[in-house]
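Participant: Protein chains in written order, with our numbering: chain A, 1 to 81; chain B, 101 to 181; chain C, 201 to 281; chain D, 301 to 381.
Treat the hints with care, as some may be off.
Ranges between beta-carbon positions, derived for each pair [unchecked claim]:
#1 C:Ser-237 with A:Thr-31: 34 to 40 Å
#2 C:Asp-264 with D:Pro-346: 32 to 38 Å
#3 A:Arg-8 with B:His-140: 21 to 27 Å
Take a look, some chain D residues computed to stay more than 10 Å from chain A by CB distance [to be verified]:
#4 Arg-333
#5 Ser-337
#6 Asp-347
#7 Arg-350
#8 Val-365
Just so you know, the hints here were simulated from the structure itself, not pulled from any lab data.
Glycine included, every Cβ here is placed at the ideal spot set by N, Cα and C.
There are 4 protein chains.
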Amino acid sequence: VAFSPDGRRLAWGSTDATVKVWEASTGDVQTLRGHLSSVHGVTFSPDGRRLASASQDGTVKFWDVPPPRETSGWVANDAGQ
Amino acid sequence: VAFSPDGRRLAWGSTDATVKVWEASTGDVQTLRGHLSSVHGVTFSPDGRRLASASQDGTVKFWDVPPPRETSGWVANDAGQ
Amino acid sequence: VAFSPDGRRLAWGSTDATVKVWEASTGDVQTLRGHLSSVHGVTFSPDGRRLASASQDGTVKFWDVPPPRETSGWVANDAGQ
Amino acid sequence: VAFSPDGRRLAWGSTDATVKVWEASTGDVQTLRGHLSSVHGVTFSPDGRRLASASQDGTVKFWDVPPPRETSGWVANDAGQ
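The following block holds chain A by itself, in its conformation from the complex (with noise of 0.2 Å):
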């Protein structure tokens, strides 16, 4: 669980294999598919724009911040080997 540095959005992995982020400015939640097991680990980017999540799977993706979206092109080349 991991707050952005503004504080504005806090994200979580979860063991459906999803990760949420939450907005405080309009306190939705998004839900970010595509690892395909657990979610254990999320972790922003000091400059908040970029959600890093690692799953059992042994994947780490990449996501936008905002609006939060897999962005296919940061995938780690070797991730999830």
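Dock chains B, C and D against chain A, hints included.
Facilitator: Chains B, C and D alone, transformed into the frame defined by chain A:
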């Protein structure tokens, strides 16, 4: 286990489904109840005024600081799915 | 595993119930004893003068830095319940 | 999973006993070998020049950044006990 940004509080999750917050000024520990399962992650917001906790039951809760207490209006609206 | 804010110390918990602190200036590693079970989380206070460790036995302990040693008066008064 | 302080690197541990480091400038991922068991924690030093990794085998290793490589002289002298 996480210190608040000002270093005056320490929070941690417990396997008994509670969150504990230690206050440097008094030495007291508050017990925050609300989760239904083991709490595996806690983090303070950058301004130190909010605490988020993540539980094995899949929920994330927000708490006001100080005094630490659950702010029901802040519970992520689809957390725990 | 956590660096101190000045980057001159690294602390980590061990499954043998100890906390280890490496000192950059000397290369030495101190072993801090007191927990009864595996230590799964450590964190430095923002000013780097205190170290907190959380154990699977449910307790959280505070240690003075430097030199790292347990400050008995700082043990959270209901930790470990 | 941890970003470097400048946000240009992301490191994470793997269950295959390796540490991976993604470089934003190139998109490459380096694989750091040396641990004998699953790596459960990684953290950058505050100046971003060192990476520490903790493994289930009880050891903590230090790596130079960049390029990430194990600095044998930096291995904690009683880590892994």
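Participant: Now tell me if each hint is right for this structure.
Facilitator: Hints, verified against the model:
| no. | hint | verdict |
| --- | --- | --- |
| 1 | C:Ser-237 with A:Thr-31: 34 to 40 Å | holds, 35 Å |
| 2 | C:Asp-264 with D:Pro-346: 32 to 38 Å | violated, 21 Å |
| 3 | A:Arg-8 with B:His-140: 21 to 27 Å | holds, 24 Å |
| 4 | Arg-333 | holds, 13 Å |
| 5 | Ser-337 | holds, 15 Å |
| 6 | Asp-347 | holds, 13 Å |
| 7 | Arg-350 | holds, 17 Å |
| 8 | Val-365 | holds, 15 Å |
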